[in-house]
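Colleague: The lines below spell out each chain.
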Amino acid sequence: MKKTKLGEFEELVLMTVVVLQADAYGVEIKRELEDRLNETLSVGSIQSALKRMEEKGFLTSEFGEASQKRGGKRKRIYQATPHARKVLQEMKDVRSQLWAAMPGIATN
Amino acid sequence: MSKTNKGTSPPSWSLKFLRFFLKSNYLEEIEGDLEEIYDDNLNQYSIKKARKLYNREVIKLLRPILIRKMSGNKQLNYIGMFQHNILVAFRSYMRYKSAFLINLIGLSTGLTCTLLVFLWVNSEFQVDQFHENSDRIYQVVANNETSNGISTNFATPALLPQTLAEQFPEVEYATTQSWTAEYTLSFKETNIKAIGQYAGADYFKIFSYELLQGDKNQVLKDKNAVVISDNLAIKLFGSTTDIVGKTVDFMHLKSFQVSGVFKSPPSTSSHQFDFIMTFEEFKESRSWILDWKNNAPSSFVMLAKGIDLEAFNVKIKDVIRANNGEPNITPYATRYSDLYLRGKFKNGKPGAGKITYVRLFSAIAFFTLAIACINFMNLSTARVSRRLKEIGIKKAIGASRKSLIIQFLSESVIISLLSLVLALATVSIILPAFNNIVGKQLVLQFSQEFGLTLLAILLITGILSGSYPALYLSSLKPVKTLKGQSPTSWRDLFMRKGLVVFQFILSIILIVSVLVVYKQIEFTQKENIGFNRDNIIYFEAEGELELKLQAFLEEVKKVPGVNMASSTAHSFIEGGYTGNTYDMSWNGKDPESVLAMEYMRVNHDLIETLDFQIKEGRSYSKEFPTDIGSIIFNEAAIKAMNIENPVGQTVHVFGENRQVLGVVEDFNFRTFHEAVSPAFFILKPTDTWVIVAKLQAGREPETIKELQTLYTSMNPGFNFDYRFLSDDYAKQYATEQRIAILSRTFAIVAVLISCLGLFGLASFTVERRLKEIGIRKILGSNNANIVQLLSSDFVKMILYAIVIALPISYFIVDSWLQNFAYAVSLKWWFFAFSGIVALLVAWLTVGFQTFKAAMVNPAQCLRNE
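Chains as they are written, first to last, in the numbering used here: chain A, 1 to 108; chain B, 109 to 973.
The set of hints was computed from the structure by calculation and includes no laboratory data. Hints may contain errors.
[What the hints assert, rightly or not] Below, a list of computed lysine-lysine pairs in the DSS-like style, where the Cα atoms sit at most 25 Å apart:
hint, chain 1, residue 1, chain 2, residue 2
1, B, Lys497, B, Lys588
2, B, Lys510, B, Lys591
3, B, Lys666, B, Lys792
4, B, Lys665, B, Lys792
5, B, Lys301, B, Lys371
6, B, Lys157, A, Lys69
7, B, Lys168, A, Lys69
8, B, Lys168, A, Lys51
9, A, Lys73, B, Lys156
10, A, Lys69, B, Lys156
11, B, Lys131, A, Lys51
12, B, Lys510, B, Lys131
13, A, Lys73, B, Lys124
With the hints as extra help, turn the sequences into a complete structure.
Modeller: Okay, structure coming up:
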């Protein structure tokens, strides 16, 4: 967490990738996130987040299978690196510590 | 749902765009994603909506991280390369100083010409464009169909504009504008001669002459109003403020009230005047203009927006003939702002005019620059052997052809930039002299537009001169160049020689043109024009003098130094006082035909004063009182009327039968551009006001002084303002004079630049063949042989150029001389002379180099290696 920052949206995308596991490719990530966030997202926003995270070393990717629906073009399947999982964990810890420290609205 | 269905595949332009901008390694994945989403959307929505969503997705993909880099994905050190290029360029300038200087001098001279011509052309195009509604202001001229084609008259009936405005709703405003003339205006003791005109009430609404004081709707309404320029106001009142309402005297006859002050027309206006009086006053003081048969003032209309001119011209075609019964006269509206450049009418339509000169000089400037660019091409390709190793090594270590092209182009752009800076400095120095020649006030002003033009000129010059060397040098094979083989092929030599030939073709054409223009000017100055214009002064009898004309003339004749004096209403030169009528009829005239004739109202002795040559009959004489009102024709009139033995016959003109007294030889009362047209003298001493006096040669200043004293004593309140007829005659050819000076300068520049290039080439050839020369000398060749050997190539090139250039130049000067009805005849020696000049200049240039080479000591050049 010290070296490279993870944006809020990036964090959401990264977590979706982890959740989807072998299914984590562009359209599926978009669909999953849209369902969870209950808002429409553009391919551009998802893709730029993916590419940025790939550059920062949070994600690796490889081509998957092609399908008829995609006009014969292959999917690219994303996978979170161990570093990414570590960063996610750290962020969660920091957050829960902060939540615990917040007066008034502390969870029961 | 079938994938092959055209309607169901994603929008193709959008897909193309995506493929264009997206980084190629992301393309398959993202294109596939989009297609999958599109497919889902098709199941959910209409095709139209799905396509719309697809387009939106593509647009949203425009993110920096996803867009491909302009130069591909590989990152190179461009700035470093660029610095290196500049460094190499400067090193090569330093190393080959002579080539650098030749290019610098040539290009900067060429650019200087280009810049000057650009400034001039630009200002020519700005003339009359400052009127706010210039695209809607039209001048209405009168086309007259005569038996020898359509002639166009700028003078129209005075009531035409008013009638047009009343009859045609397309006309927003219309105005009559009288001719301009010099009148004396007085305020208290100050008498000023100023250029005045009469114009209709809407004048300032049509033309955007700026009113400093007064309302443009009101200033020309009141009959006694006069609107004066700020310059005139300062001369008359000493200030431009608080003068509205003041009274000025006009010709000491009438008083007018100043109703407004306008800013003097800018230098971009082709029409210049100092004051305006009203059309109402014009009609009252000159009632004859109300007759539709008399054409004198000009007509202007401003049409409403979006009016089709063609249709308007068809609509108005009968307006004049309906009022004056002349069946052949048709009004024709044409855009006023176009007339400055296209003021010459042919077959009733505007065509040529000053635009010819604009084109001519643009072409000359371009060619001068082209000649300089050719120098650059030739010198850099000729020197290729000097840079073979550099090119070879660069290529061997992986320089792409593109980067070499960029290197050579940047070299030529850098030298163009240096030349441009030099050219700008030169222009700013010689601009006053140039202004003097072209009669303008051009300034070097740095605006955004000018900056862009400079940039364009810079890039064009750089690329024009650099493209061939860049393409050529970068195409060389690295192995061969490193081995040191000279890559000179037959094609390169041909190209280089061709370029030299081309340079000299241009130079020779310029030399011939200059020679012919000079001869033609000389011809116009020396050729007999049919009357004497030397030592003749003329001036107007104003005010009271007009009434005392005869008495004044008697006094003038008594002044010592005045040989002869008379008076006239016509000044016998273009742009002076004229008169024109269609009214002439004679026995045997075809009633259908119309003949326009120039008429000259004259006094006794005028024919003798100006030495018109009587061919038949006799001149006017005081011994026959019946001579008053009688006619003397010129030969052209007799020919046009087709009558035999004219003397003694009567003709009908100006409402009377008049006797024909004689015939004079044809004389040029217009420029040599036009053939002498039919004209006649009519003896009308009371209708003349221009006094013509023939002075004794050698004592003109004293005589003029005495005339001045006489004038002011007999006519207090007016200034004596005389002109020499010969000066005004020369002024008619001012344009030709300017062209002569300019084309001479350009021709010299072009020839010099060509020679510079030739000099460079020759010195280079000599340098390369020095060893050969040494060996030849050792084997017994003498100096003459060597000079011949080295210069024969160049001489051959010039000969080719002469062979090609002479027919072209003949064609060009011949078509220029077609502009003149009276032209100098082309002689063979004009062409021979030009060819010899080119050959001589070229030979001198090359000869100097070769001679130096021939004198060299063979031991010296063979010593090394």
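Colleague: Does lysine 73 (chain A) pair with lysine 124 (chain B) here, judged by a C-alpha cut-off of 25 Å?
Modeller: Holds. Lysine 73 (chain A) to lysine 124 (chain B) sits at ~16 Å (cutoff 25 Å).
Colleague: Under the criterion that the straight-line Cα-Cα distance not exceed 25 Å, is the pair lysine 665 (chain B), lysine 792 (chain B) satisfied?
Modeller: 19 Å, holds
Colleague: Mind checking the alpha carbons of lysine 666 (chain B) and lysine 792 (chain B) for me, to see if they're no more than 25 Å apart?
Modeller: Judged against 25 Å, a Cα distance of about 23 Å means the pair holds.
Colleague: Can you confirm whether the C-alpha distance between lysine 301 (chain B) and lysine 371 (chain B) stays at or below 25 Å?
Modeller: 18 Å, holds
Colleague: For lysine 73 (chain A) and lysine 156 (chain B), compute the direct alpha-carbon distance and say whether it is at most 25 Å.
Modeller: Holds: lysine 73 (chain A) and lysine 156 (chain B) sit about 24 Å apart, inside 25 Å.
Colleague: Lysine 497 (chain B) and lysine 588 (chain B): Cα distance at most 25 Å?
Modeller: 10 Å, holds
Colleague: Straight-line Cα separation of lysine 131 (chain B) and lysine 51 (chain A) no greater than 25 Å?
Modeller: 11 Å, holds
Colleague: For the pair we were handed, lysine 168 (chain B) and lysine 69 (chain A), check the Cα-Cα distance against 25 Å.
Modeller: 22 Å, holds
Colleague: Between lysine 69 (chain A) and lysine 156 (chain B), is the straight-line Cα distance small enough, at 25 Å or below?
Modeller: Distance of about 19 Å is within 25 Å: holds.
Colleague: So if I understand the rule, the pair passes when the alpha-carbon distance is 25 Å or less; does lysine 510 (chain B) with lysine 591 (chain B) pass?
Modeller: 23 Å, holds
Colleague: Does lysine 131 (chain B) lie within 25 Å of lysine 510 (chain B) when you go C-alpha to C-alpha?
Modeller: The given pair, whose Cα atoms are some 23 Å apart, holds under the 25 Å limit.
Colleague: Straight-line Cα separation of lysine 157 (chain B) and lysine 69 (chain A) no greater than 25 Å?
Modeller: 19 Å, holds
Violated hints are absent here; each numbered hint is respected by the structure.
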